[in-house]
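Participant: Quick note, the sequences are listed as chains A and B, same order.
The numbering of the first sequence is the UniProt record's numbering, which starts it at 1 and goes up by one.
The numbering of the second sequence is the UniProt record's numbering, which starts it at 1 and goes up by one.
Keep in mind the hints are simulated off the structure, nothing from the lab.
Incorrect hints may have been included.
Said to hold, decoys possible - The calculated DSSO-like cross-link candidates involving lysine-lysine, where the alpha carbons are at most 27 Å apart (straight line), are:
(1) K163/A to K68/B
(2) K76/A to K164/B
(3) K210/B to K76/A
(4) K76/A to K87/B
(5) K52/A to K202/B
(6) K163/A to K141/B
(7) K57/B to K163/A
(8) K109/A to K87/B
(9) K202/B to K133/A
(10) K197/A to K139/A
(11) K263/A to K163/A
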Amino acid sequence: MAATTSMVTSLTFTIPSLGLRLPTRSYPCVKPQRRFVRKAASNVITATYELKAPPYPLNALEPHMSRETLEYHWGKHHRTYVENLNKQVVGTDLEGLSLEDIIIVTYNKGDILPAFNNAAQAWNHDFFWESMKPGGGGKPSGDLLDLIERDFGSFERFIEEFKSAAATQFGSGWAWLAYKANRLDVENAVNPWPSEKDKKLVIVKSPNAVNPLVWDYFPLLTIDVWEHAYYLDFQNQRPDYISVFMEKLVSWETVNTRLEKAKARAAEREMEEERRRKEEEEGKPTNEEDDDDDLEMYVDNDNDDSEAE
Amino acid sequence: MALRSLATRKTLTLALNSTRLAQSRALQTFSLPDLPYDYGALEPAISGEIMQLHHQKHHQTYITNYNKALEQLHDAIQKGDSSTVVKLQSAIKFNGGGHINHSIFWKNLAPIREGGGEPPHGSLGWAIDTNFGSLESLIQKMNAEGAALQGSGWVWLGLDKELKKLVVETTANQDPLVTNGPNLVPLLGIDVWEHAYYLQYKNVRPDYLKNVWKVINWKYASEVYEKESA
Chain A
1 MAATTSMVTS LTFTIPSLGL RLPTRSYPCV KPQRRFVRKA ASNVITATYE
51 LKAPPYPLNA LEPHMSRETL EYHWGKHHRT YVENLNKQVV GTDLEGLSLE
101 DIIIVTYNKG DILPAFNNAA QAWNHDFFWE SMKPGGGGKP SGDLLDLIER
151 DFGSFERFIE EFKSAAATQF GSGWAWLAYK ANRLDVENAV NPWPSEKDKK
201 LVIVKSPNAV NPLVWDYFPL LTIDVWEHAY YLDFQNQRPD YISVFMEKLV
251 SWETVNTRLE KAKARAAERE MEEERRRKEE EEGKPTNEED DDDDLEMYVD
301 NDNDDSEAE
Chain B
1 MALRSLATRK TLTLALNSTR LAQSRALQTF SLPDLPYDYG ALEPAISGEI
51 MQLHHQKHHQ TYITNYNKAL EQLHDAIQKG DSSTVVKLQS AIKFNGGGHI
101 NHSIFWKNLA PIREGGGEPP HGSLGWAIDT NFGSLESLIQ KMNAEGAALQ
151 GSGWVWLGLD KELKKLVVET TANQDPLVTN GPNLVPLLGI DVWEHAYYLQ
201 YKNVRPDYLK NVWKVINWKY ASEVYEKESA
């Protein structure tokens with residue numbers, strides 16, 4: 001009950017030195033990763049972000065994704081993002097914020113601040129590891145399959161479009177399946193329905209570290225298409241890597257769980273908006289600081305082919 | 001109109017010639033240039049396996065997709081399909097840029113026994129000292145900028161023909177140097193895409209950057225500099 005309440009609550013606070021208003025939101029699909037450490041000497045509390053291990057042994061995805069790839073990708077690349085983030089935020093106003101909040105603040109309307117890359121990459125990799133499982137692949141079922149069929153015509157069509165997004169992301173980046181419950185359309189997204197209709201699934205690709213949180217979408221599934229994700233196993237054959245990922249590695253259970261949470265979260269937001277609207281109609285004075293449901297969202301300025309700056 | 005401006009743009013080295021196009025529908029396509037040395041000749045700085053994949057697979061794919069995009073562009077122009085002409089620009093920039101950049105990159109490298117890594121003499125050497133203090137500081141600057149580049153891209157030593165000075169620049173993905181400014185001429189480009197070093201250096205891009213200088217062909221950079229600054 002308490003958890004539900006806190007999920008419904010949406011607050012805004014200000015980071016004075018950045019002058020940025022920051023929505024605090026909970027992403028139920030992401031576990032908190034902060035560990036508070038009290039430094040004995042200085043008596044200062046610092047928040048550090050932990051490198052979370054993938055939810056399976058590093059050799060568990062073989063032969064589709066090698067242990068060596070996981071050792072470097074998780075053990076070196078992901079670790080470096082987390083370590084560099086910790087160095088970057090220590091002693092700043094970002095310290096102690098959730099990864100999600102750091103991502104949104106430092107995205108900074110697309111004019112990204114230094115901590116963005118490390119924060120977003122730390123988050124993206126956690127999300128990526130959890131998007132896979134040994135013996136994955138196959139076909140989803142239930143609500144997820146229904147929505148996929150509704151929004152993409154068929155599961156096969158969805159696979160085709162997801163693969164195409166991942167293959168055509170120029171340079172380093174990610175491809176995503178996301179649940180879109182707002183009215184913002186991102187330019188490089190495959191939007192199966194006209195933009196005025198929200199609450200639908202979308203496929204979107206993003207350059208480098210960018211992820212759909214910055215557009216206020218709910219990410220459901222991702223594939224990393226940085227070369228380091230596949231080069232040891234597939235070299236230049238990105239399309240083969242993408243096919244193997246879809247056919248052998250995707251954890252549809254995880255995607256399904258994320259979808260259920262996203263739908264619940266979107267419904268909560270809607271109720272919250274409705275409640276607020278009613279309050280306004282009843283002429284109650286509204287708190288200036290409490291209008292974050294009109295969350296400002298910033299479209300990444302990349303074109304369809306996501307050639308990043 | 002669109003055809004004329006495209007054909008005269010040097011930036012994409014579109015080998016389209018408007019008069020020839022008017023006469024025939026033939027379209028010049030591009031093919032993979034030979035490497036001026038063996039795949040293994042840059043070892044141990046860059047492994048033969050990397051060089052072979054980089055040249056035969058990556059560069060070839062840029063060329064294949066560039067040719068494809070040019071064909072589609074040609075058709076779209078013939079049909080007066082402006083929307084497709086515009087839509088093709090990103091594929092042309094990416095794949096055409098990939099072809100331009102790699103063609104320069106191969107010439108920027110040389111085996112040690114053929115002068116790879118030998119510091120520049122003559123006017124380029126002087127210009128580097130004047131603009132950066134020393135070759136060492138230039139290398140440091142390029143290594144730092146190359147290491148800091150997020151994602152995929154290139155770090156360049158360029159000549160700004162208007163300001164008549166040397167500049168260090170980075171470009172994202174396969175953007176050629178000229179996308180940073182029409183007066184910029186590439187003297188030396190270092191590929192910092194992961195495919196350029198991953199099989200050998202894995203996540204440690206700074207080590208690749210440190211070692212690549214052992215096989216840099218300064219003679220080529222000097223020739224371009226002398227020609228372009230004359």
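Participant: All the hints need checking, so say for each whether the structure fits it.
Facilitator: Hints and how they fare:
Restraint check for K163/A and K68/B: the C-alpha separation of about 20 Å stays at or below 27 Å, so the hint holds. For the given pair, K76/A sits about 42 Å from K164/B by alpha-carbon distance, which is inconsistent with the 27 Å threshold. This hinted pair checks out: K210/B and K76/A have alpha carbons roughly 19 Å apart, not beyond 27 Å. Among the hinted pairs, K76/A with K87/B is inconsistent with the structure: their alpha-carbon atoms are about 38 Å apart, more than 27 Å.
Using a Cα cut-off of 27 Å, the hinted pair K52/A and K202/B holds, with the two alpha carbons roughly 21 Å apart. For the hint pairing K163/A with K141/B, the CA-to-CA distance comes to about 38 Å; that exceeds 27 Å, so the pair is violated. Our distance criterion of 27 Å between C-alpha atoms is met by K57/B and K163/A, whose separation comes to about 20 Å. A hinted pair counts as satisfied when its Cα atoms are at most 27 Å apart, and K109/A with K87/B qualifies at roughly 25 Å.
Simply put, K202/B and K133/A have alpha-carbon atoms about 24 Å apart, close enough for the 27 Å limit, and the pair holds. Proposed proximity of K197/A and K139/A is supported: the alpha carbons are some 26 Å apart, at most 27 Å. Proposed proximity of K263/A and K163/A is supported: the alpha carbons are some 25 Å apart, at most 27 Å.
The structure shown violates the earlier hints numbered 2, 4, 6.
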